[in-house]
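Each chain is listed here by its residues.
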Amino acid sequence: MTGRALVRGGLLLAVLAAVVVLPLWVNRTQPYYLQLSINVLIFATLALSWDILARTGQLSLAHAAFYGLGAYTSVLLTTRAGLPIVAGMAAGAVVAVVAAVLLGVLTLRLRGIYFAIATLAFSETLRVITNQVRFTGAATGLVAPPLLGGHRPSQYLVILTILLALTLVSWWVNRSRWHFAFTAIRANEEVAAVMGVDVVRFKVLAFAISALFAGITGAFYAHVFLFISPLEAYSLAVSVGALVAPIFGGLYTTAGPLVGAVVLRAGEEVLRSTVQRGYPIIYGFLLAAVILYMPGGLAGVWASLAARIPRPARRGARGEPAGS
Amino acid sequence: MSLLVLDTLTKSFGGLSAVDDLSLAVRAGEIFALIGPNGAGKSTTFNLISGLLAPDRGRIFFDGADITRTPPHSRAHLGVGRTFQLMQPFHAMTVRENVMVGELFGHTVLKSLPAARRDAEEICESVGLGHLLDRGVTALGLADLKRLEIARALATHPRLLLLDEVMAGLTPTEARQAVASIQGIRARGVTILLIDHVMSSVRDLAERVAVLNFGRKIAEGTFETVAHDPAVIEAYLGQDEADGSH
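Going line by line, the protein sequences match chains H and S.
Numbering of the first sequence is given in our numbering, commencing with residue 1 and proceeding in unit increments.
Numbering of the second sequence is given in our numbering, commencing with residue 1 and proceeding in unit increments.
Keep in mind the hints are simulated off the structure, nothing from the lab.
Even glycine gets a Cβ: it sits at the ideal position worked out from N, Cα and C.
Each hint should be verified, as a subset may be incorrect.
Derived contacts from chain S toward chain H, CB cut-off under 10 Å, selection only [what the hints assert, rightly or not]: (1) S50; (2) A54; (3) D56; (4) S74; (5) V101.
Construct the complete structure from the given sequences, taking the supplied hints into account.
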């Protein structure tokens, strides 16, 4: 037992050291890879924060809304009100949370596809409004001041910190009483309520946490790429990407969305550089194959592999017949 | 002393009244049965009591307090527990985890995960699920699913337990076990309101019975008195369901 824990702890430290050091080291010769790493981490943050909401059974298509709100709030406050970027990013997160709580309360009674469509409508409405209003730069978009003077390695550490914080939150959620509330609500809201779970509270809380990280990531994106437009900040591709990675990697887990995001974005990059023309077709086929033939995603494959490795000295007798 | 009082409760769905002017008082510590033909409004009554539906008119009192507008999770905290006729286990959870939800959220005592886990295991043992703790719910048979419904409701530490057809589909042996199990729950001080079609079990369990037909209460009393009530016989015969003794 302690052996396994040691191995796991060692592995975790090694991964952590690698994600901190490698991109910074590579940056000295190949700055492009640091840029790519930042993209991957933005994608991973969106994927994992989307998954936290999904754990309550709310399959949202509004992740771009929170991302865009974070981006626009921060850029507007820093350029028009002269706020420091850190304050702008924090405000972006707050505005995203407020919007999420409102949307969460409005969509409480909606399930499944109706919920998804309502959240999509919310996101698209924000995009259309931003596209029309002159104060937000309309269709032209806005220029954003650079985070940390545009120093890429520092920016990388910022998004890495955000993702690590989110990872901790996700990990905690999945091993606390929240996990039981979320999973019960996802299975059957009425039964969960009758068993004492405050369904409204947990659904709205999940919305708030999810939007907090989407909002701050949107703000980060704005101050790293230095330009935002309605089409990009409120892009449907953001919402869809945020749900594809968890499905690909393994829903309702911490590792699944992270691994899914990294593999998808890195894989896309490898395909782009090797196959070049027509790579999205291969990408699409691979994605479809995984979703069709691996219902648990990559995490599901991992779990079934791990189950085949015999584990001696497992704690506690389970009393289950073998092979059941 | 009445633990649950329904005062002129009315609920209709699109002009069709499911529960019509229903008044009822369940005394603390008794086993009370709600019977009647299909569509008589029994399950709707349970949904009104547990808070999944709001009545159009009338009020609900629990332990003297008006809970008509209280949300379902707060009613659970006050001590209203229930099972579902169509078993609704939480998928992606084991038997133990299903019961833990009740231990964690079903009452106002804040329990740690290990404590909830231990208490859930104890409840599973008591209803005969002790050997299935780690089993996923999709692998359970009907009788075990019914036991799981009861275990989950018990995990919320109810003062009033609403049992919605926990006998339906059980073999005679299983039904006898269930009767004993329900008597055991009452012996621990839990008041029980049950819906059932298995009349032998109702006769064995219930001190008092109310008969519903088309949402209205047509009789109330001991099993013997209502069984001989002409209105009750009429209601069952009218439905071609005169098998009041299987």
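For each hint, the structure was consulted:
no., hint, result
1, S50, "holds (5 Å)"
2, A54, "violated (13 Å)"
3, D56, "violated (19 Å)"
4, S74, "holds (8 Å)"
5, V101, "holds (5 Å)"
In summary, the numbered hints that this structure violates are 2 and 3.
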